[in-house]
Amino acid sequence: MKIKNFIITFVSAIALLLSTSVVSFAKVVGDKIVLGAAVSLTGKYSSNGVHTQNGYNMAVDRINSMGGIKVGGKTYKFDIIYYDDESNPKRAAQLAERLISQDKVEFMLGPYSSGLTKAMAPVTEKYGVPMVEANGASRSLFTKGYKYLFAVLAPANLYLDVAIRTAVELNGGKGVKIAQAFEQDAFSQDVRLGILDAAKETGSEIIIDDKLPKELNDMAATLVKVKQMKPDVLVVSGHTKGALTAIRQISEMKVDVPMLAMTHCDAAKLSKQHGKNSQYALCASQWHKTLTYKDKWFKDGMTYDADFTKMFGYAPPYQAAESSAALLVFKDAFERANSFDQKKVRDALAATDMQTFYGNIKFAPGGQNVSKPMVLFQVICDSSGKCENKVVAPLKWASAKLIHPVPKWSER
Amino acid sequence: MDFMVFQYPMITVQACLDGILLGILFALIAYGMALQWGVMNIINIAQGDLVILGGYIAYFMYLYGIHPAWGVIVSPIIMYFIGIGIYKLVINKVVDRDLFISILATFGISILFMQLMNFAFGADVVLANSGYGTTFLFDSNVVLPNSKIFSAFVSIVFAICLVIYMKKSKLGRAIRATAQNARAAKILGVDTEKVYAATFGINAALCGVAGALISITFTIHPYMGLPYTIRSFMIVIVAGLGNLPGVALSGMGLGVFEEFADYILGTEFRIGSVFLLLVLILVYRRFKLSRKREYLK
Chain A
1 MKIKNFIITF VSAIALLLST SVVSFAKVVG DKIVLGAAVS LTGKYSSNGV HTQNGYNMAV
61 DRINSMGGIK VGGKTYKFDI IYYDDESNPK RAAQLAERLI SQDKVEFMLG PYSSGLTKAM
121 APVTEKYGVP MVEANGASRS LFTKGYKYLF AVLAPANLYL DVAIRTAVEL NGGKGVKIAQ
181 AFEQDAFSQD VRLGILDAAK ETGSEIIIDD KLPKELNDMA ATLVKVKQMK PDVLVVSGHT
241 KGALTAIRQI SEMKVDVPML AMTHCDAAKL SKQHGKNSQY ALCASQWHKT LTYKDKWFKD
301 GMTYDADFTK MFGYAPPYQA AESSAALLVF KDAFERANSF DQKKVRDALA ATDMQTFYGN
361 IKFAPGGQNV SKPMVLFQVI CDSSGKCENK VVAPLKWASA KLIHPVPKWS ER
Chain Y
1001 MDFMVFQYPM ITVQACLDGI LLGILFALIA YGMALQWGVM NIINIAQGDL VILGGYIAYF
1061 MYLYGIHPAW GVIVSPIIMY FIGIGIYKLV INKVVDRDLF ISILATFGIS ILFMQLMNFA
1121 FGADVVLANS GYGTTFLFDS NVVLPNSKIF SAFVSIVFAI CLVIYMKKSK LGRAIRATAQ
1181 NARAAKILGV DTEKVYAATF GINAALCGVA GALISITFTI HPYMGLPYTI RSFMIVIVAG
1241 LGNLPGVALS GMGLGVFEEF ADYILGTEFR IGSVFLLLVL ILVYRRFKLS RKREYLK
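One line per chain: the protein sequences are A and Y, in this order. Each residue of the first sequence is one higher than the last, beginning at 1 in my numbering. Each residue of the second sequence is one higher than the last, beginning at 1001 in my numbering.
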């Protein structure tokens, strides 16, 4: 009896092994183009990791249901192998290695966050696997001479650039006094470099330059300085916790500053957590649903927003939109390359010049997307306390007028 | 380096007040740690994670429309039972072993709690809004959020209640007896097992209070527990076990130290300076101890 059991287990184990290895023998299987992706489903990036995955899945669904990808006269469909990178760069690099050498994936999608993308890029580069990523904006990704890395998003140093330029413009072209507080991570430090550049070009002066720790939940010290030194602009970048902490303490300490600009307010759902206290905050965003870019698959931002909400039950943050755009880029490149040869696909990717619902996409030699500006939206609340994000800059895309300077707390 | 503290004298006042209010809150967490360290000889690395868990309880009350200040009552009650649960599952197996084993065990609990909280509540940073206003002092040059004043006040109330309870109640006396000499207490009829469980529960309840207060004053996140563990560990080693006024004082001292480090060295060194101070104090104590030993020779 025991022996029989053993044989059954053994045979089924072998069968299971064979079947999985057939499935995972990737690249192009039958009519499927298999892409590999490691995303953060657990760990500290898990919420944005899930947005990334949902964005990918949404685009796969849409492209497959609208006729798939035509290469060499045959129609293919997208499929993605996912692994959970646990928000851990080492794990992400291992998984990239695994996807390429074990699962034989020949095309990759990016993970969430600059840090993890940085860990995976050397691996994909080594094997010559084209990777289109949608969530790594750090400038250092694009200065290493990677040939197979393409990012659909604007690089980190441009995130708050537009805020400084707008402030200078409103100041009659004269330089402004800037206070800034940035978390000490790759992304926020790149945002900071962007501000330094913008300050230099516009003749602005940086009067407070604070760095925030990773375990940040108190920035009262910075705000006290802001109260005393009265800058024209306060810039904060520290992921979600930075945005939430800033609004909480600014409203509690009644810090008056004419312009407050931040990153990651979208993910922080500022107005949901803080209501009217978040009013007038400016947020840098890669995408907003009211932008009027168009494409064949998702039509436009508003339609994408509605479809995504229907499918996943929540409104898409820009992290989801940019992830969806990555697949549109891949589809376009495969069709133009008309081949599955990695080199040809890579060259086709490099020659990408298209408009998607998310924005125009055209890659610089370093791999970053240079044809899509960042937008700034402002949190604007009506008298009943309902708050909305309205695009206010750049002017071309604005759907509301920027309220500047921000009214003082005593007058609100 | 930034010497604004000297250029703007009001910043000094602000830093001191902020530090003291913050320190009182730290002291509450540290008191829980000192209590269980003294009674059970366990250094609880999961202290900060218990704090965060307590914060999530207040946060969920806030989500369901209950004012988060009630979390100060509800959270310790729930945390008390969670504490007893942890004691029954893990701590009672390591309580008589050496310190190293207990540190390992609580370190494991800490990782487990972090991941479970991340799994259950997500990786988003959250906070509960109390809607308390702001107090302005000195021609509004010094600003104190009322939520900070509230949390310091609640911490003091809880600390006083606990001290009275330890002095007057039967369980309190049993806890103190066990801390002095567990064996003798046992011989005299104290159920030390029960005392240990209660002590761990009380510690978890204190963490619950502190967590609820932190969700009102700052933000919470599954991975934010460690700095609270480090701070309370430091306060306890400075103050010594069973020295409540010492815990309160060194808590406030640490709070003020942190605020000044923030202004002078920069926010990025705020938590770093706490770690540095910890190392310095450990070295100093060791130095002092070794001198004493030589003297005894």
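Simulated from the structure, these hints should not be mistaken for laboratory data. We treat Cβ as the ideally placed atom computed from N, Cα and C, and that holds for glycine. Be careful, since some hints might not be right.
Okay, the calculated beta carbon distance ranges per label pair [unchecked claim]:
hint : chain 1 : residue 1 : chain 2 : residue 2 : range
1    : Y       : Ala1184   : A       : Gln228    : 23 to 29 Å
2    : Y       : Gly1085   : A       : Thr303    : 48 to 54 Å
3    : A       : Asp382    : Y       : Leu1063   : 19 to 25 Å
4    : A       : Lys408    : Y       : Gln1180   : 39 to 45 Å
5    : Y       : Leu1116   : A       : Gly72     : 45 to 51 Å
6    : A       : Thr303    : Y       : Leu1116   : 35 to 41 Å
7    : A       : Glu411    : Y       : Lys1194   : 57 to 63 Å
8    : A       : Arg412    : Y       : Leu1112   : 29 to 35 Å
9    : A       : Glu97     : Y       : Leu1171   : 55 to 61 Å
Consistency of the hints with the structure:
{"no.": "1", "hint": "Y:Ala1184 / A:Gln228: 23 to 29 Å", "verdict": "violated (59 Å)"}
{"no.": "2", "hint": "Y:Gly1085 / A:Thr303: 48 to 54 Å", "verdict": "holds (50 Å)"}
{"no.": "3", "hint": "A:Asp382 / Y:Leu1063: 19 to 25 Å", "verdict": "holds (23 Å)"}
{"no.": "4", "hint": "A:Lys408 / Y:Gln1180: 39 to 45 Å", "verdict": "violated (59 Å)"}
{"no.": "5", "hint": "Y:Leu1116 / A:Gly72: 45 to 51 Å", "verdict": "holds (50 Å)"}
{"no.": "6", "hint": "A:Thr303 / Y:Leu1116: 35 to 41 Å", "verdict": "holds (39 Å)"}
{"no.": "7", "hint": "A:Glu411 / Y:Lys1194: 57 to 63 Å", "verdict": "holds (60 Å)"}
{"no.": "8", "hint": "A:Arg412 / Y:Leu1112: 29 to 35 Å", "verdict": "violated (45 Å)"}
{"no.": "9", "hint": "A:Glu97 / Y:Leu1171: 55 to 61 Å", "verdict": "holds (57 Å)"}
Hint compliance for this structure: hints 1, 4, 8 are broken, all remaining hints hold.
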